[in-house]
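Letter by letter, the chains look like this.
Number of protein chains: 4
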Amino acid sequence: MTPPVHVSDSRLLGHLFSTPAMNAVWSDEATLNAWLDVEAALAGVQARLGVIPEGAGEAIADACAARHHDLSSLGARIAAASHPLTPVISSIERAAGEHAAWVHFGATTQDIMDTGTVLQMREGLRLVTKTLTALSKACSARARRWRDLPMAGRTHGQHAVPITLGLKFALWERQAHEAMTALASLQADLAVQFAGAAGTLATLGKDAAKVRSALAAELYLCDPGRSWHTSRGQFASIVCQLAIAAATCGQIANEIFNLQRTEIGELAEGAAPGAGGSSTMPQKRNPMVAQNVVALARLMAARPAAAIESMMHEHERDMAAWTMEWAVIPEGFVLTHAALEQTVRLVENLVVDEARIAANLDMTGGLICAEAVMIDLAADMGRNEAHHAVKDLIAALPGSGHSFAQALSAHPVIGKLRSPQQIAALLDPANYTGESAEVVDRIIAELG
Amino acid sequence: MTPPVHVSDSRLLGHLFSTPAMNAVWSDEATLNAWLDVEAALAGVQARLGVIPEGAGEAIADACAARHHDLSSLGARIAAASHPLTPVISSIERAAGEHAAWVHFGATTQDIMDTGTVLQMREGLRLVTKTLTALSKACSARARRWRDLPMAGRTHGQHAVPITLGLKFALWERQAHEAMTALASLQADLAVQFAGAAGTLATLGKDAAKVRSALAAELYLCDPGRSWHTSRGQFASIVCQLAIAAATCGQIANEIFNLQRTEIGELAEGAAPGAGGSSTMPQKRNPMVAQNVVALARLMAARPAAAIESMMHEHERDMAAWTMEWAVIPEGFVLTHAALEQTVRLVENLVVDEARIAANLDMTGGLICAEAVMIDLAADMGRNEAHHAVKDLIAALPGSGHSFAQALSAHPVIGKLRSPQQIAALLDPANYTGESAEVVDRIIAELG
Amino acid sequence: MTPPVHVSDSRLLGHLFSTPAMNAVWSDEATLNAWLDVEAALAGVQARLGVIPEGAGEAIADACAARHHDLSSLGARIAAASHPLTPVISSIERAAGEHAAWVHFGATTQDIMDTGTVLQMREGLRLVTKTLTALSKACSARARRWRDLPMAGRTHGQHAVPITLGLKFALWERQAHEAMTALASLQADLAVQFAGAAGTLATLGKDAAKVRSALAAELYLCDPGRSWHTSRGQFASIVCQLAIAAATCGQIANEIFNLQRTEIGELAEGAAPGAGGSSTMPQKRNPMVAQNVVALARLMAARPAAAIESMMHEHERDMAAWTMEWAVIPEGFVLTHAALEQTVRLVENLVVDEARIAANLDMTGGLICAEAVMIDLAADMGRNEAHHAVKDLIAALPGSGHSFAQALSAHPVIGKLRSPQQIAALLDPANYTGESAEVVDRIIAELG
Amino acid sequence: MTPPVHVSDSRLLGHLFSTPAMNAVWSDEATLNAWLDVEAALAGVQARLGVIPEGAGEAIADACAARHHDLSSLGARIAAASHPLTPVISSIERAAGEHAAWVHFGATTQDIMDTGTVLQMREGLRLVTKTLTALSKACSARARRWRDLPMAGRTHGQHAVPITLGLKFALWERQAHEAMTALASLQADLAVQFAGAAGTLATLGKDAAKVRSALAAELYLCDPGRSWHTSRGQFASIVCQLAIAAATCGQIANEIFNLQRTEIGELAEGAAPGAGGSSTMPQKRNPMVAQNVVALARLMAARPAAAIESMMHEHERDMAAWTMEWAVIPEGFVLTHAALEQTVRLVENLVVDEARIAANLDMTGGLICAEAVMIDLAADMGRNEAHHAVKDLIAALPGSGHSFAQALSAHPVIGKLRSPQQIAALLDPANYTGESAEVVDRIIAELG
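Protein chains in written order, with the numbering used here: chain L, 1 to 448; chain U, 1 to 448; chain V, 1 to 448; chain W, 1 to 448.
Hints were generated in silico from the structure; no laboratory data involved.
In this text the structure is predicted, and so the values were computed from the model without any measurement.
Be a bit skeptical, because a hint or two may be false.
If chains are identical, the list can't say which one is meant, so a pair holds when it fits in one copy or spans any two.
Cut-off 35 Å, straight-line C-alpha distance, at most; resulting in silico cross-link-like pairs (DSBU-like, lysine-lysine) [to be verified]:
#	residue 1	residue 2
1	206	391
2	416	137
3	137	206
4	416	210
5	416	206
The whole structure should be built from the sequences, with the hints applied where relevant.
Here you go:
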């Protein structure tokens, strides 16, 4: 057996790219069990509907128990047969004894594998939406807590106007919630695949629709009323929305990384003692998790291309398209869940340095409230006049020896319109956070 | 002015990559008008709400009329200012005369540009969903017409079992319908962007939420109750679903291309007389449109990567992320609409060669119905036994001088179980199209 | 320990996406050994140069032997430390006893991991270029063998003019050779990474350049004379060229898939007895390998995006960029090598059906030589006149009851210019393969 | 005529995504001229070689003059014909009068269009390599100027150890040079395409190789000695290397963006007066160009996917693959050249704030030299002991009221091993820039 090589499976680095829970969903054992579950369910409903003999249903269901099937030897036989499923069917047939003839009745390989994948996706989506909910809650708690803490809003990497830290978290809560909603809706539409060799279920004659419907019910899946062998849009949508969920994680993590820069220092990854240090620099404490999440999100961003391209199936089955899904779907779930779990941890353990936030807010001597001054003056001077007066005054500040407040008071027009006290109030960031707190309240009111 | 260079804008080849209708939505004129419309609406609602002086609303709305603004000179000033909007604001201010101070009041550049984009996307989605509806209808009509026409179903490029041509079209109808539904739902959620410098609308004080709400109503958009400057998931979803719609076109076009191969010849692109020939080979009639649609769909498949990556905005505005959208969103609409329009034409003008379809179905001498024989025999011999007997018999056919039917009759077991008449019936493809017609009926019943 | 989940590591399906040889290069064991080899080599050269004590070199080299290090427990400690290498260094230190202080001297984590990756890439490139050479040879042998076999050339999926089968193989030989040359040249440039914490090797003072140079020599790598911590262009180029090599495989495999279609049947995947069948259709023989290679090539086509994006490193080290390489580089080698090995097998086992090739060539009744007729007539009628005459004549053929040859003889002008014998010669595909054979000879003369 | 819609062609925003020089290379006029040039050259060499009548060469060359061809009407006819070139050929034929029959003799559409593209690529590569040379020079000059200026080296966004500003520029110089070398080498291999309908040049009989060779010489291109209709690896390599060049720009621009952050302020985009401001915040000066370059580089990173996928041509011509190149090749040149030109401007106009660089270097009170202290102590304490002692000492600093220097002097072991003067020297960043200056010298010595 060849050793695993993908970084998500590495015993050295795999923890950065995967989670135990999601790996359990997509492991070989889980994959094989999903196939066996579908074969068992199929025989069960067919026996119940009289499509196959009465005793065959239970016997085949029993023959589909994992203990009858050896994963490693199946792997070898799959390779030898150049076929992903026939050795599994043979293995069930062996275990089914006299009922062997009714194994896999009317089905084709893709029916079993697609429906197996759908069962795994359902479980994968359950984990993803659960973690998205946790992320949403973690953000919500921090939105409440720092609802009113003023901090520098930054645009283009430059101080803009004040916001509150709570607003940042509230907007992330909403994004996490939206990603969750989109994926939950896709989960609800997951359907059984049962269509036979080329989508006509001809082997089952008049029983076709009835069996598919019963099989869907048995597996708690939707009954699509048709084949979707060649209609892969839903799978593509799922991979897209996973990448979108991962991008939300990437955005949050990147923000934390940036606000932890030595020169900013407002947030810091809460780390276990000793974690995140350097192999050579004793003073280092690195935002390792945050960076890792950004990498995961970027890796995911390129994944939808394969999922969308694999929609272009030829004819009634096309392995050159279908096989791409075997790679990209587990990748999508594994990388995204790793990003999500790490982001929840990142948010939950986040260290907020309020003093540093305050200090940064002050570092431009009130310039961060220049818009507040301008808007206030606009009432008296007109917006344009006010904008130019304030802009020119700011341009003249460097080297003048004056603070922004002093220069405003000394300005021939502005100094007459506003008192030093009024100017001080205008330059207080806490007075200029706008609807930050209201937005926090609104989002929490809606989403909890 | 530099000449256009993108292939979608080429006077030589642009018709292959764009449509006049969608180009009208994303032209410079339309973009500028969208910005002006937002500025006009903003001033209008602010005047109505008493946020700016009563007369300013109407005056600014008038100043936003296209006739006041010269696109080319605006372009030059945008380049000189390294800013995409301030020259436009100045141009409105000039036209607004004494009301200049109230132009763009409380807004920031991104408010205007994002909302402008949303207005263009609304119109773009209207065109896309309209063409998807046309595609769905064109497929529906052909699904009805060829509901019962047996043809070879193909898997892995090999004849599998019969289907009907109608089934192919019905499944495409459904895919087109699903793409349409997904996009229509995203269209319904399009929201106004109005958030001010960093998402707090601080300039408007207590009027913030009120103005945003009124602005949303004025533009017939949703009121998000917050900023989404940095929350770009919806845009990413739209680009993903456009790519998914394009992939549906790519799948249809690729199928037509394949079924038009010289050796298959079942379908053919209906072409204007003289179109699609060769510059050197007199006999050629090439499926030019089909191939072009596949190329468009593949170009689109890689587009979501940029849209998803641009979700990772830094802080309260991030041009390195936002600017990517300026490229990828119009590309997404233009390429997808070109794919859609061409696919509708392709389906509507498709030439079906029923004789060739029948001939191909017969070319394997009944082997395409081998599964029918096997399933029929399974009742008497057991499925496994039947599968092996038929498989061995087929393996021995080449060079035997016997047809499949003859060999079945001559088989020591099968020949006793089934008469030549029964065998002939089993080998008639029209008897083995399974639920093809029912699926057609089911989809038409649901979608029309 | 979590189970492997990536499809390339699957015991069920991994053989389709990986090769034992390449997996051995990128396994955890190989990765750890590569790191240990670099640490050992570093201590060795530093001891030789007097940078660390004389005895430390040998002691540390011994401490780097794989037997001292337990992969699983290292994995657990790496996760706990949120650091990919410090637990490995500690493990070496433990084994080095009194010499522990000189382990990893002057190095930083990235030095060890990057150089380790380079050692693995060297071995990976050796395998890839070896398989590309095998592919080139396999194509060359077939180019020779079918140098003169006329077959239908096809453009736009339609018969165009004749080529020879050998020409197809000769052009593939050349492509394989070009991919090999590009990768071999990148392999020759692989350089040691040794740069210390931020690219200055300050820990080593004046010995910096000397140690790097000696380390490069010890590992048979280039000495870059500088850090390339943040200069990742070479890695990106390698991933691009791997994807290009995979695309060459994809092209060959796709061609074989197409020429194996039931209606074409010129080529067929040589399969082991019993391989490639269907779970339900007894007559099927599917080109499973060919389709799989196409899927691998398409999966690779999207990989360069991550490799190129990871070039955008921030400052002197950027895990959000660097970590992406940990995923994409092994993926690139593993998927590409799988594509290559499968393509070699595909070409070597290919079954050519000469009778079917001849039959297809004839199926248009000489129309495939329409250009030959037109060019021949051009000498007498002018090219334009000839093109229109032949085109019109062909348009009138369907339903006329005449063959192309008959119609040409019956044509008022053409029939006078050319005798039936001359027409027959013009319509013989073997007379119109142009420089096919010469190109085969030319390529074989150049490449072997 | 439909209006241009691609952002690179926008009169409002196109200057951000394109350059006049590169647009001139890929404009419709240039494209048409390239086609006409190839047709003219072909007729010329064929006349010279006696393949067509003597007078036809000159007459056709004259008929290929741009003045004979109306771009807009050609566009309309191309659309009507569903063929990209036949209307152009007809237009030449009209102008060639009696020599019309010898226009396009032996050639096929792809010969003309591919060779036309190659001519445009040659010019495009000339521009790209020229700008890369300018970038390399601009970096070189700054590497010299700031060869010895110590600044904070940063890893993981955290201060690591000192580097010099010159080192940063020298490493960029090297990257620009490598990108240039790779593209120049691809440029040297550009070859003529001349292969006829399906790669056999059968129309030319024995003259085939001779005409191709002469045509190559006439156009100053390589003679490939074969068709490369279906061998697109070189085009894919060029798009990959363009994306790699763009990523180098993205890395430089992103670094400048980060070092311009309000809290860092070491570098600043040099802007024209008034440029880069905000529509609402009077104090803003935004790094607009830097952000734009990052966006361009990210857009380019996803482009190779299409170029590599388009390598998978079917048979002897495949529009579904080939057409993708018509989009992605001009995109690649235009976006990359825009990134390059903007990056050169960015580097040339960069404002360096030496005082801020020094202040940031000091902001951690010497911690940035912790490694220097540790390495120095390692000689006396052993590396491990020293690392832990310094790490523990640093961990105890916050709230201790001591500076790093004081704590070191007060340490029971360290204080005895090193005097305050020695400690001060160890904490001076200028003493710990390692081989920064030597690397600068080495790179400049090699590259200039």
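Outcome of the hint check:
Taking the shortest Cα distances, residue 206 and residue 391 sit within 35 Å of each other only across copies (26 Å), while inside one copy they are farther apart (80 Å). In this homomeric assembly, residue 416 and residue 137 never come within 35 Å of each other (Cα to Cα): the closest approach is 50 Å inside a single copy and 53 Å across copies. In this homomeric assembly, residue 137 and residue 206 come within 35 Å of each other (Cα to Cα) only across copies, at 28 Å, whereas the closest approach inside a single copy is 50 Å. Taking the closest pair of Cα atoms, residue 416 and residue 210 come within 35 Å of each other only across two copies (33 Å); inside a single copy the shortest separation is 86 Å, beyond that limit.
Proximity of residue 416 and residue 206 under a CA criterion of 35 Å is satisfied inter-copy only: 26 Å between copies versus 91 Å inside one chain copy.
When the structure is compared with the earlier hints, a violation turns up for hint 2 alone.
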